[in-house]
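This is what each chain is made of:
Number of protein chains: 4
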Amino acid sequence: MIRFDCDYTEGAHPKILEKLSMTNYEQTIGYGEDNYCKEAERIIKEKCGRQDIDVHFLVGGTQTNLTVIAAALRPYQGAIAATTGHINVHETGAIEATGHKVLALNSSNGKLTANQIQDAYDTHFNDPSAEHMVQPKLVYISNPTEIGTIYSKAELTALSQTCKKNNLILYMDGARLGYGLCAEDNDLDLQTIGKLCDAFYIGGTKIGALFGEAVVISNEALKEDFRYLIKQKGGMLAKGRLLGIQFSTLFEDNLYFKMSKHADEMSMLIKKALIEKGYPFLIESSTNQQFPIMPDTVLEKLGKNYVYSYWQRIDGIHSAVRFCTSWATKEENVIKLVESIKSI
Amino acid sequence: MIRFDCDYTEGAHPKILEKLSMTNYEQTIGYGEDNYCKEAERIIKEKCGRQDIDVHFLVGGTQTNLTVIAAALRPYQGAIAATTGHINVHETGAIEATGHKVLALNSSNGKLTANQIQDAYDTHFNDPSAEHMVQPKLVYISNPTEIGTIYSKAELTALSQTCKKNNLILYMDGARLGYGLCAEDNDLDLQTIGKLCDAFYIGGTKIGALFGEAVVISNEALKEDFRYLIKQKGGMLAKGRLLGIQFSTLFEDNLYFKMSKHADEMSMLIKKALIEKGYPFLIESSTNQQFPIMPDTVLEKLGKNYVYSYWQRIDGIHSAVRFCTSWATKEENVIKLVESIKSI
Amino acid sequence: MIRFDCDYTEGAHPKILEKLSMTNYEQTIGYGEDNYCKEAERIIKEKCGRQDIDVHFLVGGTQTNLTVIAAALRPYQGAIAATTGHINVHETGAIEATGHKVLALNSSNGKLTANQIQDAYDTHFNDPSAEHMVQPKLVYISNPTEIGTIYSKAELTALSQTCKKNNLILYMDGARLGYGLCAEDNDLDLQTIGKLCDAFYIGGTKIGALFGEAVVISNEALKEDFRYLIKQKGGMLAKGRLLGIQFSTLFEDNLYFKMSKHADEMSMLIKKALIEKGYPFLIESSTNQQFPIMPDTVLEKLGKNYVYSYWQRIDGIHSAVRFCTSWATKEENVIKLVESIKSI
Amino acid sequence: MIRFDCDYTEGAHPKILEKLSMTNYEQTIGYGEDNYCKEAERIIKEKCGRQDIDVHFLVGGTQTNLTVIAAALRPYQGAIAATTGHINVHETGAIEATGHKVLALNSSNGKLTANQIQDAYDTHFNDPSAEHMVQPKLVYISNPTEIGTIYSKAELTALSQTCKKNNLILYMDGARLGYGLCAEDNDLDLQTIGKLCDAFYIGGTKIGALFGEAVVISNEALKEDFRYLIKQKGGMLAKGRLLGIQFSTLFEDNLYFKMSKHADEMSMLIKKALIEKGYPFLIESSTNQQFPIMPDTVLEKLGKNYVYSYWQRIDGIHSAVRFCTSWATKEENVIKLVESIKSI
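Chains as they are written, first to last, in numbering that gives the first Met the number 0: chain A, 0 to 343; chain X, 0 to 343; chain F, 0 to 343; chain H, 0 to 343.
Looking at chain A on its own, in the form it has when it is part of the complex (with noise of 0.2 Å):
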């Protein structure tokens, strides 16, 4: 069986072993503290093109959005996100268990525009019974989206702006931010992001680490004491340079970048042969992730020798699925998806 139902099916790029494996014994200080995270530290901040802002290093996803999240907001403010969130289906109510409301907005691509942003925050502000009800206060992008679009520089502009001139901080989830940065169509980059964005992370467990995510954050208000988060929320690793170990040698080189758009390029294999067949998506991406609608009887052949991920139903004999690459699919597997497809 090979695999394209996720990206996170392998262990880490060999670069990474490798210099875990040189490092093991030295000797360091814990807690994120030492000279590996202050490398990597300074990679990413010369990578964004700036000083001012403030680099942490978590071990996953939702513990690093929780922990932002909860940074962010006071107890009766609430985080907007698309219905397709990670925040608000995927991680079991993290962000409530932290005490606050996922404000879900409807999304057809699983983006947020500036006016949907705008509409929410008048919404609530023009209601008399504002007090009644949860403040928007943060806005929760993903980018690339939980299925597969990206932002285009222009949309994270009037997003930004929209949230600048609201006093709205808006946070990126980057759990796949490389292959979104590396897509054909993009025109984003990390200094941009930077810019437009309060606080964004650099998804390394979905792109070649072992695990670990790097929260780059700009604004000063959600600077304050966040280590105290981190540790609270039980993201503070104690051996924390096994993650500025990870992200200096991700950065190094541009190898996050090289392993994005080689996972990037394998996707757009499975689509073009999926598109040649005729399959519609679910969505049209340009990333890691490709969502056709298919005939069930076709996905059942295909299932005999590859796993993908069950999306959703679409009618009574079609189901759309996901078929997802990363830094380490193997092009060889995907010549073979790619033939299986045309043969079928």
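These are calculated hints, taken from the structure and not from any lab test.
One or more hints might be untrue.
Chain copies aren't distinguished; within one or between two, either way the pair holds.
Calculated cross-link-like contacts (lysine-lysine; reagent style DSS-like; alpha-carbon spacing at most 25 Å) [stated by the list, open to error]:
1) Lys164 x Lys222
2) Lys303 x Lys37
3) Lys329 x Lys18
4) Lys14 x Lys271
5) Lys163 x Lys222
6) Lys300 x Lys271
7) Lys14 x Lys37
8) Lys341 x Lys329
In this text, all values refer to a predicted model and were calculated from it rather than measured experimentally.
Position chains X, F and H against the provided structure of chain A, taking the given hints into account.
Below, chains X, F and H without anything else, positioned relative to chain A:
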């Protein structure tokens, strides 16, 4: 500088890194449902001598404590702990952040006694205003404690009986469990702990793993839906196999205990040197942490070559400090330290 | 100006004020353990036709909802509610502040159906990633709903059976319960509700009391230590007798139902006038709230003498508004309003 | 039986009941935005001698404490309190339920000193592991304390200066504020308290109201969106005017202080009798609570006609108990008690 300040200054036992490398390109499902986790679970059940326990793997200690305690308590219930208990002092209020008070009891040696628990229980339930106070429900102990002491079988049995009698949950934080079980004066083992506690965890972070703690649950009520809580609290590792691989490696060939024994032996060498030199101790410890009380002038000298943890001021010219060994402590470094102590 | 904007514009039924004055200098113990609370409890048990229920008195609705829901759920569980449900919109995230997600289901009439619940349950538990999502555990309904509709006995029975079958807790918010039970088309009563729901509350604030809600619990698990939770959540009134006195007065001589019936009758007079004038309604209601859709020009005129609640914009020249009657609504004022409507 | 066990055994001052009756059929808007609340706010601002404060009315003390503290703290911050502080013992963990640790400091007289606060602050911020511990941010004091003692102007000034210097928030729980301000040895007043504290509340429940506490906030950061929090925490009374009516009545003609003075005088009569009889006191108190230490045999006799609060066991044959007076205490009953004490 040679570090004796804590037990997480190095990476992991080389066998773990080896195994991670070997398995790196295998494709597995995520979130701890892979075969490596199943294998680690199998071995731990075997070591505990029973099948009717649940085993879960989490990343770190604070995360583990807050997840277990959140699983165990209703909103108005609290966790009894020694004032020195990790949850009471060094987790940035992680337990309170899940809504629960830590009910701290004084203890001169870091341990709780059955009598203390019975008293706390009686005091609460005999009070006509009990409803106005936090109800004690879980008893948190650490073994070894934060100051290196260990529970005897008799003490733990008494605690366990008191808890069962009063329908309290007994939970053991085993961040350094191996160092306790391998102490010369220890008479506990995994089977006994599994029988006497409702839940406990076997610490990996401080004993040879890169990171990771294995939670063992025997109490049926605590077992229910525990994975939901791991996910919600941010502790569910996407590449869960990293934990499975580490714990199956740790428990093959008793590696965990061999490493623990080594650390304790190294600690005893330091202890012996300190005793011979006539230094008193803040607390008698047979595990990997030693807390001598030493003149500040001596400490200053030692501090030029060795890193220790400053613990507390004793008087104008003496302080208590901590020397900590671990699985990774090199005998040659301990010999150097011993020589330095002798030659003061 | 005559207010028809809500059902808490006046104080309390004069009998309540009388009784408060009469008993003012009696000395009683606090926190709801006095004889007036016991008496009110006795009467409510009688009205519910059973002794095996617990009755508690709290100050207000939000407080009651958050306390019951906190008592019912483990941290990863959520409360299903209609999108219009009070807990989903008008409690400033009180439920989320206790750590729980409100799982909102669409509803055109403010009510939930047994099928919706079964679907939500199946969708969750059939999902292989269920652990990554909030587990539905409690079903929150309001009767009458926030938009004036009521559940029939058949509907509530179906809901109850679905909940019991799936081990879900059924909880009814009865902020306006009397107005529902006295509606012309109602076929429910306290006994039936007590049998079909795990918990519900009888609203006093909106029906003749100064304040106060009586929670009735039949589910054994919910009963346990409920008073601890009342105290923790700030809902335990020091002079608890104020609630006992109010509820025993409300349920003597069926005062509660007499007042409710009056409000419904007043509402029907308004409804009839609106129908005769040909105004459509946002929703058909037989209780004390009416939601006509009217031209903005007409509303502006009415607004000079009457206060109504603005509900929502329908189109460029029409809006839905709410006219609300209560136990205190004077017939003469309703007649004036009816005349004004007629004469438009 | 004559009750001296607490200060909420009766209803309310008759003027309050009168005013409630008189205004009963007036129609007002809800949630504290009516004219009675505005009037009460006006008077309280006048009594505090300034306009730049916010005044809010809540139902009870626990609710008030948890709402203010939730408003003041970020998630990793805690509230310093004396071990005897109400929030530390008698609120069923209400503060922890909002996520915050109570940092309890020992105190022999229920009061905190400026030095203690400075020490706690320094201890935290000088610790290299500060991030692993709860950050002290708010200082909770009660005046009078739970054991009847009061702060002098000098003590409160010192506390206030220490807090300001260290950017800590000073909050005073004034559940019995009147009884403190009317004590013979008191040198504080509302103006001074308003200047020295960031927030405090004027207790109504225990001093003549049916219920209700008036929160006064001078700190700008605390003012922001405070009503959202009142609503979320379940403390926003629908018929908010009930609070406005009560507080405007309490502060007309200094009724609040007249009632308080009466209670203190009654307390002094009891104190004098106890002193004359030679009983020692657990603590010296000039307010409405007296804590004599008496032989159990004597207490048993007194217990036949009087209800007191059992406080704590002193030795095998002595106990400390509490005699509590209030605005409603009848002089004739005090005389009876004094006679009984004398005749033992």
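Going through the hints against the structure:
1. Lys164 x Lys222: both (20 Å within a copy, 22 Å between copies)
2. Lys303 x Lys37: between (47 Å within a copy, 24 Å between copies)
3. Lys329 x Lys18: both (23 Å within a copy, 21 Å between copies)
4. Lys14 x Lys271: neither (31 Å within a copy, 43 Å between copies)
5. Lys163 x Lys222: both (17 Å within a copy, 23 Å between copies)
6. Lys300 x Lys271: within (20 Å within a copy, 64 Å between copies)
7. Lys14 x Lys37: Classified as within; 19 Å inside a copy, 28 Å across copies.
8. Lys341 x Lys329: within (19 Å within a copy, 59 Å between copies)
Checked against the numbered hints given earlier, this structure breaks only hint 4.
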